[in-house]
Each structure stands twice: as C-alpha cells, then as structure tokens.
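Add chain E to chain A, keeping to what the hints say.
The lines below spell out each chain.
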Amino acid sequence: MTSFDADLSGFLEKNRDDTTTLELMVRGARCAACLSKIEKTVAALPNVAASRFNLSTGKLTVRFDSARGDPAGVMRTVEDLGYVVGFYDPGAVRDEHDREGRRLILALGVAGFGAANAMMFTVPVWAGLFGQEMLPATRTVLYWFAAIVATPCTLYAGTPFFTSAWRSLRRGRANMDVPITIGVLLTLAISYYETFRGGAHAYFDAAVTLVFLLLIGRYLDHTLRARARGAASDLLALQTPVARRLDARGVERGVPVAKVAVGDLLAVASGERIPVDGRIETGVSTLDNALISGETLPVSVEPGAFVYAGALNLGGRLAVRAQACAEDSTLAEIGRLMEAGAQSKSAYVRLADRAAAIYVPTVHTVAALTFGLGWALGLGPHEALMRAAAVLIITCPCALGLAVPAVQVTASGRLFRAGVLVKSGAALERMAKIDHVVFDKTGVLTQGRPRLIDRPSDLLLCKAAPLARASRHPLARGLADAAGSGPVAQDAVETPGQGVEGVVDGRRARLGRACFVGVASEQPAETEFWFGFAGETKVRFRFADTVRADAAKTMDRLRAMGLGVEVLSGDVASAVAAVAGEAGIEHWRAGLTPLEKAQAVADLQDAGKRVLMVGDGLNDAAALAGADASMAPGAAIQASQNAADLVFEGEGLAAVPLAIEVARAARRRAQENFAFSALYNLVAAPMAVFGLVNPFVAAIAMSGSSLIVTLNALRMNLAGRAS
Amino acid sequence: MSVLLFLAPTSIFLGLIGLVAFFWTVKNGQYEDPDGDAARILNDHERDGPE
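Keeping their order, the protein sequence lines are chains A and E. The opening position of the first sequence corresponds to residue 1 in this note's numbering, with each subsequent residue numbered one higher. The opening position of the second sequence corresponds to residue 724 in this note's numbering, with each subsequent residue numbered one higher.
If we strip away everything but chain A, and leave its shape as in the complex, we get (with noise of 0.2 Å):
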C-alpha cells in the first residue's frame, strides 16, 4: 500500500491560471454510486475547486484552487472511501494512443457517412431501375451525386490504409493494406470513368462501404491494444508510486519515481522498495532481492553498495544516491538481452500478414490474366479491362481485414474479464503454438512474499498482530495477514530495522528481531520474528515464502494439455527443489545468472520447443523478452511487465493454460475465418472473371462476408460463457 506521509507537492500540474491539477488512478469504482461518492467526497476537501472522475479509465482529475493542493490528503480520503489509489502515468504513450483512437473514430464517422449517403443515390441503381422508369441519364446524373459524397470520404477515411501501404512498400514488403489500397484507388478511378462514358459499372458506394467495414477492424485492434495499454501501466502506478528526494537541508519531498535525476539523493524507509538504481551514501541495512536475483535469502548492505531498483529495505533507512533514472534502471547487460529478444520477436510474421502473402500475388496474377486472357479471346481491351478491375474489387480483403482483429479483441476480452492483459494481438498468435512452460519459482510459482508458517499458538498470534499492524516491515505484513483485521497497538513506536514497541492489553510489548526483543537466538534468521510481553518469555514466529495453493493443480491442467513444465531459478538448490517438489515438477535448475536463464530458454528454443517463459524479476527479464511468449503477474517489476506480452492479476496461477486456451481457440476463429475468406474469393473471383458482377452483387458479396467473419469471431464469447 503507498504511503501518504511524505510532502507530494511534487506529483502537482501548474496550470495557467494560479490553479494546480493533480490526476490520481482509482481502481475498485464500478458504479454510478462509487462515481458520485468519489466525486463529492474529494470535491468537499479543502482547496478543492473540482473534481472528475472518468469511470471507464479509472482516471481521477482533481482541480486545486491554489498552488497549495494537497495531494496526501486526496489520496487518503479515497483511500479511506475503500478504494485503491496511485499516482496517473502522465506517460507520453498513451496520449498519442489516444490521438490515434480520437483519428480512427473520425474516420470512422466520415465513412459511415460516406457509405450511407453514397448509397442513398445507388440503391435506385441495385433496384434495377434503369430501362423501365427512369433513362441511362439519370442513372449519370446519380452516380455523379455519389461521386461527390464518395470521393472526399473515402480519401480521408482512408488514409490510414494508404500511409501503411505506403510505408510498408518502401520497405520492400506488402502488407494487406497494399491490395485494400490498391483496390480502394482503382475503384473509384474505375467508376469515374465508366461515369464519364454513362455506363452502369461505377462502385462509389462500394469504395466507401470498403474503407468503412476495414476501419471497423483497424478500430478493433487499436481499443484492444489501447485498453492493455492502459491497464498495464495502471497496474506500474499502483506499484512504485513515490521517491522520497533529500533536499540540500535533508527535508524529504515526494516525488514521482519518472522524475527522479541522476545524483538525487533518496530517503528509502524500512519496507519500501528501492525505487532507481543506486549506491548507498549513509544507512545500514538488509535488501530482500527477490524480485532482482530470484533469491529468497535477504542480503545486508553497508554505504557504499550498490543496489538495484525493486529490492525491498527489510532493514533501517537508507539513503539512496541516484545512479540511473528509471527508464534505464536495470542492468545494462539485461537490458542488451532484452533488446536482442524484443528484435527476435518482432521477426515473427503474424497471421494477417503471412495471409497477404499468399492473397497479394494470387489475386494481382488473376486480375492479370482476367485482362491478358480476356483481350486476347476477343473481349476487347475495355470489356477486359472492367473485368480485371472487378476482380480486384470483389477480392479486395474486407473480410480478411476483419479476419484477425475480431478474433483477437473477443479473445483478449475474455481475457481481460479472467484478470489477464493482453499487450498485443501478435502477442496472442505466439501463445498459442505454445509447447512448453518455464516458470521463474519466486513470485511465480509461489507467492513472492513472505506468511507465517509457524506459530506459537493463535492466542498469542491475537496479541502480537496490534503490534505487527503498526509496522510496515514485511514479516511484521505476514503476520498481520495472517491474523485477519483487528485493532492496532496504542503509542506504537517502529525501531526501523529491529521492530515495535507498544502497548496491548495494557501491558508493554515488543515485536521484532531477536536482539530487540531481548532473546539471545544461537543464529538469528532473517525469517522469523520474535514476540514477547516486558519481563515475560518470548515467543518465536517463522515466516516462509509459501507455494500458491493451486499451482499443483495447474501443473496438471498444463500437462494435461501436452505441455512440458519446468523451473529455472536463481535461488538456492534446495528452496528450488523444495518447491518443485511440492509443485509437482520434475525438471528444475537452480542458480542461474539472468544469463544463464536466458541461454536455457534459447538452448530450448534450439531443441525445436517453442517457450513460454513466466516471470517476475529482474532477473527474468531477459528471458521474458528473448522466450516465444511470455507472461508476468501484476506484482512484477516494471521491467519484467515491459518485457511480458501478457500480465496477469490475481492469487492463483489459474492464468497461465486459461490464456493457453484462449490463444489457441483465438487460432482456431482466425484460421476458420481465413478459410471462410478464401472460399468466398473462390467463388466470388470466377464470376468477376466471367463478367457477372454489378455493383449490387458487389455490395452484397463485400458486406455479407464481413459479417460472417465478425459473427464467427463473437462465437469466442459464448464459448466462455458457457464454460
């Protein structure tokens, strides 16, 4: 839970006018209820002008009347009202996401536009009524007022279509928006010149309706990867909110970790997480690194080390020179493999585009051959030419544009309703050609922190729990989670690094290490607390990272999906083989450098298996990065979340063949709507060939298999439904 006790004048915007705003990330609101309580509640604090809540972001905005807003008390007022709350990732990203979204929704909104109205003068024309009522020439004059609704929509609205083809051509490759552009640009060429000659095969309607039905699928895909966006790096502000900067006359001053420089020196209390890469100027201490190095065993620190962000002080308060700012806060060889890994990934071709590389040739040879063909067998070079052009129209990809991104923002829904972000689409299709699983053991396999796994009797876990509420030491945590809620000890005094001192029952007490509770222990651990009243016996609690309850069951489910299971550890043999064990795996490797991790994953990418690497340090990084697909839990450090395609929230490791089988039932869609694509090409395709084409059977053909490919895709949904 974040601390609110610092100065976080830091964490405020100036605006123009003398008012200063501050953006808070609330999670847990739901309903209107929540929205109203939120807003009125913060609203009525002091300096307060106003107050914003957007539910579907989660994002707080809160307006100060004057520079002296007072973040602290915001945060603790919600926090009070039973929500979580963290600082708003003021990141640069998601603004321009948000600018891409905003352009695709105009765009979207002029090609519905388009599509209606253009059809509105063509529907006259489908309905055959040339030749009865109404004369060639008022059939011109409609397909001219078609025109001039078609031609600026479809040239705006399809921009994002051209610019990618563009770009994608000067690489030397084609994409699918190649032929989409093609066929877009040669169909309204193609209908003003039959306009100008007053024939009948002029498709404005058709180009419109295209570029609408394709921005429906490009939107898709942009909310997906927009939402896990968002919530990913939601779930970053909820971890490391704060920096504590010493000022030159030593006051603290919260700040956001994004802004801490080179050479600040930071305040880092006893159970807070080093927040940047460092060298330690005063303090003693023990580090846990779990989260760094995989090992469970704390290690002791003096001024003079250097540390890394992301390890917890389980001992006295620390101060922390500044060596690196947080982008570039890990290890510079991690951050080389993770690179490395990051090109070898983007070398995977996705589906959409590995199917545009069969599509793009076929229909470009057809349409070729319809024209060289048809010319030769004595069509004549017009007749030829219109049948070439219907080919490309009829074929051009609308389904196929649909094919993937349905599938994958339906999958990644699921997903998302289960606890799991999906990063990427492409994410997903790696996931699921999946054939073995290597998980990291600390903070994967068990639960990264430490419970209490031996009391002395519940009666005196009762007594010691109020003391070990009032402290923020990690032992002092388990303790308390194991002890459920309940009062918290009067006039607690927290000796940082050693323990607490209060009073229960009326009595003095004491909770903490051996030597300040006053017990002489032949080896004092760094896992075990001690408990006793003033002048009576002391108590001993022990503390282990425990096993998550059900990851025996879902090695099972693994294997029983035909997946190979294994762990690569940095700690100890036998805290790995203890785990394993009761995990029920049978290969394990233990000790390994974030190197050697790596390379294990590679040596299995060697050997033909295709990896998903689950992990949550540091020292997983790179192998997150380098393996097939990769998952993180929402606890991980931010590297590691960076380097993950999916993150997963929760308890239990439940995630892991739930995201399995969704990615493989997401492969199955895509594959069954790839196969619907290309057989309506196969007989869509002859007929323009064959010149049966009008533009109503056009406009039939296009939107009809988008449909279907978009109601195949929502079949995903009822599948979770019903499971």
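Hints listed in this document are in silico derivations from the structure and should not be mistaken for laboratory results. Hints may contain errors.
Said to hold, decoys possible - Derived EDC-like pairs (lysine to aspartate or glutamate); straight-line CA-CA distance at most 20 Å:
no., chain 1, residue 1, chain 2, residue 2
1, A, Lys40, E, Asp758
2, A, Lys609, E, Asp760
3, A, Lys37, E, Asp767
4, A, Lys433, A, Asp606
5, A, Lys40, E, Asp756
6, A, Lys433, A, Asp353
7, A, Lys259, A, Glu23
8, A, Lys59, E, Asp758
9, A, Lys553, A, Glu672
10, A, Lys37, E, Asp758
11, A, Lys37, E, Asp756
12, A, Lys40, E, Asp760
13, A, Lys59, A, Asp98
14, E, Lys750, A, Asp98
15, A, Lys609, E, Asp767
16, E, Lys750, E, Asp760
17, A, Lys40, E, Asp767
18, A, Lys37, A, Asp80
19, A, Lys59, E, Asp760
20, E, Lys750, A, Glu100
21, A, Lys59, E, Asp756
22, A, Lys37, A, Glu23
23, A, Lys538, A, Glu528
Here is chain E on its own, set in the frame of chain A:
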C-alpha cells in the same frame, strides 16, 4: 428529374450537418468515458457536462 437537383444537395447538406455534429462530439470528448456517462444519468443533481 429536375427535382433531384434540389433534393439531392439538400439531403447531402442534412447529412453533413450530422457529420459536423459528430466531429463536434468527438472533439468535445464525449466518447472519453462511456461507462461514466451511463452511470452519471442515474445520479441526481448533476450540473456540469463533460469537460
């Protein structure tokens, strides 16, 4: 036939009004918080619209 020359531009113009209104709603941020807007309608004493 000649009535088309009047009716067709009129209908395009009406459609354009709708399109301009749509642009305005996007620029005005009315699609930023669909869940919130659905919820707000249930709350009493709601004064201001989207910012």
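Here is what the structure says about each hint:
1. The suggested pairing of Lys40(A) with Asp758(E) holds, with an alpha-carbon distance near 18 Å, which does not exceed 20 Å.
2. As the CA atoms of Lys609(A) and Asp760(E) are separated by approximately 49 Å, the hinted pair breaks the 20 Å bound.
3. A C-alpha spacing of about 12 Å is found between Lys37(A) and Asp767(E), which places the hinted pair at or below 20 Å, so the restraint holds.
4. For the suggested pair Lys433(A) and Asp606(A), the alpha carbons sit about 15 Å apart, so the restraint of at most 20 Å is met.
5. Between Lys40(A) and Asp756(E) the CA atoms are separated by roughly 18 Å; this keeps the pair inside 20 Å, and the hint holds.
6. Simply put, Lys433(A) and Asp353(A) have alpha-carbon atoms about 17 Å apart, close enough for the 20 Å limit, and the pair holds.
7. For a cut-off of 20 Å, the pair hint linking Lys259(A) to Glu23(A) stands: about 15 Å separates their Cα positions.
8. The suggested pairing of Lys59(A) with Asp758(E) holds, with an alpha-carbon distance near 12 Å, which does not exceed 20 Å.
9. Between Lys553(A) and Glu672(A), the direct Cα distance comes to roughly 32 Å. Violation of the 20 Å bound is thereby established for this hinted pair.
10. Pair hint Lys37(A) plus Asp758(E) holds up; C-alpha atoms about 16 Å apart against a cutoff of 20 Å.
11. Simply put, Lys37(A) and Asp756(E) have alpha-carbon atoms about 17 Å apart, close enough for the 20 Å limit, and the pair holds.
12. A distance of roughly 16 Å separates the Cα atoms of Lys40(A) and Asp760(E); the hinted pair therefore holds under the 20 Å criterion.
13. Taking the CA atoms of Lys59(A) and Asp98(A), the gap is about 14 Å. The hint holds against a cut of 20 Å.
14. About 12 Å separates the Cα atoms of Lys750(E) and Asp98(A), which keeps this hinted pair within 20 Å; it holds.
15. In summary, the hint linking Lys609(A) to Asp767(E) is not supported, as the alpha carbons are separated by about 59 Å, beyond the 20 Å threshold.
16. Under the criterion of a C-alpha separation no larger than 20 Å, the hint pairing Lys750(E) with Asp760(E) is consistent with the structure, at around 16 Å.
17. Distance restraint check for Lys40(A) and Asp767(E): the Cα-Cα separation of roughly 12 Å lies within the 20 Å cut-off, and the hinted pair is therefore satisfied.
18. Simply put, Lys37(A) and Asp80(A) have alpha-carbon atoms about 12 Å apart, close enough for the 20 Å limit, and the pair holds.
19. Our distance criterion of 20 Å between C-alpha atoms is met by Lys59(A) and Asp760(E), whose separation comes to about 14 Å.
20. At most 20 Å may separate the alpha-carbon atoms for a hinted pair to count; Lys750(E) and Glu100(A) meet this at roughly 13 Å.
21. Between Lys59(A) and Asp756(E) the alpha-carbon distance is near 10 Å, which keeps this suggested pair within the 20 Å criterion.
22. The suggested pairing of Lys37(A) with Glu23(A) holds, with an alpha-carbon distance near 17 Å, which does not exceed 20 Å.
23. Proposed proximity of Lys538(A) and Glu528(A) is supported: the alpha carbons are some 13 Å apart, at most 20 Å.
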